[in-house]
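Colleague: One-letter residues, chain by chain:
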Amino acid sequence: DQQVKQNSPSLSVQEGRISILNCDYTNSMFDYFLWYKKYPAEGPTFLISISSIKDKNEDGRFTVFLNKSAKHLSLHIVPSQPGDSAVYFCAARESGNTPLVFGKGTRLSVIA
Amino acid sequence: GAVVSQHPSRVICKSGTSVKIECRSLDFQATTMFWYRQFPKKSLMLMATSNEGSKATYEQGVEKDKFLINHASLTLSTLTVTSAHPEDSSFYICSARQGRPVSPEKLFFGSGTQLSVL
Numbered sequence: 005d006q007q008v009k010q011n012s013p014s015l016s017v018q019e020g021r022i023s024i025l026n027c028d029y030t031n032s033m034f035d036y037f038l039w040y041k042k043y044p045a046e047g048p049t050f051l052i053s054i055s056s057i058k059d060k061n062e063d064g065r066f067t068v069f070l071n072k073s074a075k076h077l078s079l080h081i082v083p084s085q086p087g088d089s090a091v092y093f094c095a096a097r098e099s100g101n102t103p104l105v106f107g108k109g110t111r112l113s114v115i116a
Numbered sequence: 345g346a347v348v349s350q351h352p353s354r355v356i357c358k359s360g361t362s363v364k365i366e367c368r369s370l371d372f373q374a375t376t377m378f379w380y381r382q383f384p385k386k387s388l389m390l391m392a393t394s395n396e397g398s399k400a401t402y403e404q405g406v407e408k409d410k411f412l413i414n415h416a417s418l419t420l421s422t423l424t425v426t427s428a429h430p431e432d433s434s435f436y437i438c439s440a441r442q443g444r445p446v447s448p449e450k451l452f453f454g455s456g457t458q459l460s461v462l
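For the record, the sequence lines run as chains A and B.
So for the first sequence, our numbering puts the first residue at 5; every next one is plus one.
So for the second sequence, our numbering puts the first residue at 345; every next one is plus one.
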């Protein structure tokens with residue numbers, strides 16, 4: 005049973021436009037959400053996170069939005085750049101020392 | 345950021361052989377390391393949590409006798425896939441946690457190992 009779902013396996017966006025990556029979750033006990041970015045032949049690296057007490061967190065070109073009632077979060081990248089082309093993983097965890105639960109990932113291709 | 349080195353990056357082996365994968369934290373001490381597995385088109389799934397100096401904690405459905413984990417030092421954890429079979433073919437990736445208390449942002453990943461069992 006997938007607790008974290010990334011239903012779009014891939015996404016193509018033109019350079020300079022906005023990229024929106026979506027993530028849904030089923031576990032209402034999740035209270036912390038993260039996005040990781042993965043380039044080929046490298047491990048995932050932390051990108052941005054959001055606590056369940058917030059509905060938005062912004063860091064430069066990256067903004068994560070959380071809609072708790074819909075159990076949905078999204079990552080917005082604007083403007084998108086070719087270097088943003090990577091696989092993006094959504095992850096979530098419950099409070100305390102609990103393991104992260106990952107989605108399948110979405111491959112973003114930013115076309116110049 | 346902190347560096348986690350994982351070797352080998354790719355391994356092809358015959359069915360019935362054992363394969364060892366190493367995960368090293370290069371510039372920090374990792375009291376806890378995690379081992380994940382990702383099958384094609386599936387999520388990264390946590391296999392086990394490895395604590396230095398103690399036995400690993402395995403997730404439900406993961407055979408501890410098949411996937412041997414050793415975390416003998418603060419910078420090295422190894423995963424040995426014993427008597428590998430074709431269904432063990434997968435992408436294995438380790439991560440190491442830096443510092444206490446737990447901060448998800450302080451979780452650093454290795455580059456992964458693609459295991460193919462013929």
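Note that these hints are calculated values from the structure, not bench results.
Errors might be hidden in some of the hints.
Stated by the list, open to error - One side of the interface only, derived from the structure: several residues of chain B facing chain A at Cβ under 8 Å: (1) VAL348; (2) PRO352; (3) LYS386; (4) THR393; (5) GLY397.
To be verified - Selected chain B positions facing chain A (in silico; Cβ < 8 Å): (6) SER387; (7) LEU388; (8) ASP432; (9) PHE435; (10) ILE437; (11) SER455.
Cβ coordinates follow ideal geometry from the N, Cα and C atoms, glycine included.
Colleague: Hints first: check each against the structure and report whether it holds.
Modeller: Going through the hints against the structure:
1. VAL348: holds (7 Å)
2. PRO352: violated (12 Å)
3. LYS386: holds (6 Å)
4. THR393: For THR393 of chain B, the interface hint holds, since the closest Cβ of chain A sits about 7 Å away, which is under 8 Å.
5. GLY397: Violated, about 17 Å.
6. SER387: holds (5 Å)
7. LEU388: The hint holds - LEU388 of chain B has a Cβ within 8 Å of chain A, the shortest such distance being about 4 Å.
8. ASP432: violated (20 Å)
9. PHE435: violated (11 Å)
10. ILE437: holds (6 Å)
11. SER455: Hint on SER455 of chain B: holds, closest Cβ of chain A at ~5 Å, below 8 Å.
Of the numbered hints given earlier, the model fails hints 2, 5, 8, 9; all others are met.
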